[in-house]
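K.L.:
If you want the building blocks of each chain, they are given just below.
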Amino acid sequence: MSDLFDDGEIVAEGIIQADILQQWVDTLRALVHESKVHFTDGGIRASVVSPSNVCMYPTAELSKQAFESFDAPGEVNIGVNLDALDERLGSANSDDLVRFGVDMEKRMFRIQYRQIEHEMALIDPDAIRQEPDTPDLDLPNYVELEAEYLDDAMSNIDLVSDHVRVTNTDDEFVIEGQGDTDRAALSFDGDDCRRLEVPEDVESLFSLSFLVDVVKPIPSDTVVSIRYGDEFPTWWEYDLFDETMHVEMMLAPRIQSD
Amino acid sequence: MSDLFDDGEIVAEGIIQADILQQWVDTLRALVHESKVHFTDGGIRASVVSPSNVCMYPTAELSKQAFESFDAPGEVNIGVNLDALDERLGSANSDDLVRFGVDMEKRMFRIQYRQIEHEMALIDPDAIRQEPDTPDLDLPNYVELEAEYLDDAMSNIDLVSDHVRVTNTDDEFVIEGQGDTDRAALSFDGDDCRRLEVPEDVESLFSLSFLVDVVKPIPSDTVVSIRYGDEFPTWWEYDLFDETMHVEMMLAPRIQSD
Amino acid sequence: MSDLFDDGEIVAEGIIQADILQQWVDTLRALVHESKVHFTDGGIRASVVSPSNVCMYPTAELSKQAFESFDAPGEVNIGVNLDALDERLGSANSDDLVRFGVDMEKRMFRIQYRQIEHEMALIDPDAIRQEPDTPDLDLPNYVELEAEYLDDAMSNIDLVSDHVRVTNTDDEFVIEGQGDTDRAALSFDGDDCRRLEVPEDVESLFSLSFLVDVVKPIPSDTVVSIRYGDEFPTWWEYDLFDETMHVEMMLAPRIQSD
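Protein chains in written order, with the numbering used here: chain A, 1 to 258; chain B, 1 to 258; chain C, 1 to 258.
Any given hint could turn out to be false.
In this list, chains with the same sequence are indistinguishable; a pair is considered to hold if it fits within one copy or across any two.
[Unchecked claim] In silico SDA-like cross-links for lysine to any residue, where the CA-CA straight-line distance does not exceed 25 Å:
hint, residue 1, residue 2
1, K106, D182
2, K216, D7
3, K216, P125
4, K106, L159
5, K106, R165
6, K106, V174
7, K64, D230
Hints were generated in silico from the structure; no laboratory data involved. This one's a predicted model, so the numbers in the text were calculated from it and none came from an experiment.
Modelling step: build the complete structure from the supplied sequences, incorporating the hints.
P.N.:
Structural data, given as structure tokens:
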């Protein structure tokens, strides 16, 4: 072990299992290449929005309990190149312990696992796209569904359309796509869903590409909570790693022209 | 389950294990992108020829016994986009049960497995290339060989030539390719072949590319019956899934110029 | 089995397990596409240098003991297209026995495994790049390290730089890369290394791309002996298959401009 963490001004540091850090990075990279990251005594958190302002993670956070050890005395805000961090985790096995530290003096993010050490230049947070405002939403319908079903939905709808219609009958949640001639639809009843509370017959249309990107990193057995309304944004939430990682996702609807 | 099969005019329908339907689609796609498909009370059948007229499947059929259930009251002839059908089976696990139906009113082919439903527009059969006439052939030599050997032959001959010579000695069946300097040859004796009946010393030359495409979808332990003669087409047959799928393949020879 | 080896003037022949021959071919192909190959009663040997003269294998040899059988009555020197040989071994399973023979009359290299036979034209040895002279080197520092660590080093340094600095402290062997802002370093102490004899604090800089190519074919658990000095070439050696394959590698340093 070198003295990677012995010099400089380390203002926040910790140790985390590689697969947990990788999952958090993969999630954010579905929408952005770089992100502001906030270290507090409760853990780390990011809030990002796609360049088009259509899709956002109001929060993607790792609580202190996600870490083997975690030390951030005050609030620390840095800018991280997520693509570079992803590359530097590329040799890690899922159960490798990754040690990291924020050096504010040299403006470096440092990580180390096995015999591998990396120093990555921080990005000036002011040069990163501003964090999104989250609208207040009152969405009537609520579904809990395993991510595997969402993956099925997006990959099949992708064959016929660029848009996804989220809707329901009285007793089924329906995700569908309509092409010029062909149609794909996935229907989930009370047995398929963990919860299915659809008091209103509503529908909203969304861009498929964001949903493909957002669903891809979610492990297949993760239960995703989905709220939606009538031509309203959809709001998703899920937890991972014994609820030590929490993700919220919001996607604006496409206006239906018919 | 939605009412995918409850409306429209369903004139033929059935349930089949995904890997069986996929195998049949893969087979046809070796030569064509779309096909006429005939539903009769005995099962489904297609007969296709390559655009160049060089290679054909005189028949590729799934008997009624290949299906979990099958209902085609009269003869129904439809045109199917095989590439699209292949894509729509892409999420199926090999043991998923695929329900399908032909809706002649809406001119749709419908499939459903797990929570996934697809409606695919049928193609006008008259817009599809005509089915081939099969010549009468009297081919003297007969060999039965596992597809794994044929795959070895095509992938190795591919390294030296675009053509395949099929020939034999008194006690060996030989598949070979001759390049400008290099040569590849595969020799199969009575131990390698299930049957080896080669009364005549004959040879025929074929385009490698068709054989590569035709061999690719055949499971490696499938026994393929091969008939060939002297500068004659070669005729292959094989059965799959307890003989509920039957395939015949004919490839015209290349004229040897020496 | 055909009479592939019964005609022609076979001046050297043998039988070898496919994975051993493949390993030897993969090794040489890291630097060159074709090679002179020397058959002696002790085995086969090649000595090659990269087109740029920067990296060489002073020797990559398979001793007679690497073969199931080996017969080379006198010294035979041939030119072999390694890329073509690699392709022709492509269908071999690792434990297939590969029979080979050098036919000096037809100027062919012949190989056979399972039912597969190949004749490959030999290359005129005079048309192949001359074999390298190996300089005498007196390198002070010596390390033994598993190839897995070298693979980690090259893939991580590749993220930040085109150059690799090989250096050490009193008790650690260090491989590192320095980019414009980012840095990657791998440090190996006495526990990581099989042997660590670094009497001098020295360093040399090397082109990463050669090291990536050279490390890639080495099985991950292979112990590699590394000698290096101060702005001197580095000299690597390793053995495989119970020391029946022996490889020496030398890489010239890049001159450091600071």
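K.L.:
Which earlier hints turn out false for this structure, listed by number in ascending order?
P.N.:
Of the numbered hints, 2, 3, 7 do not hold.
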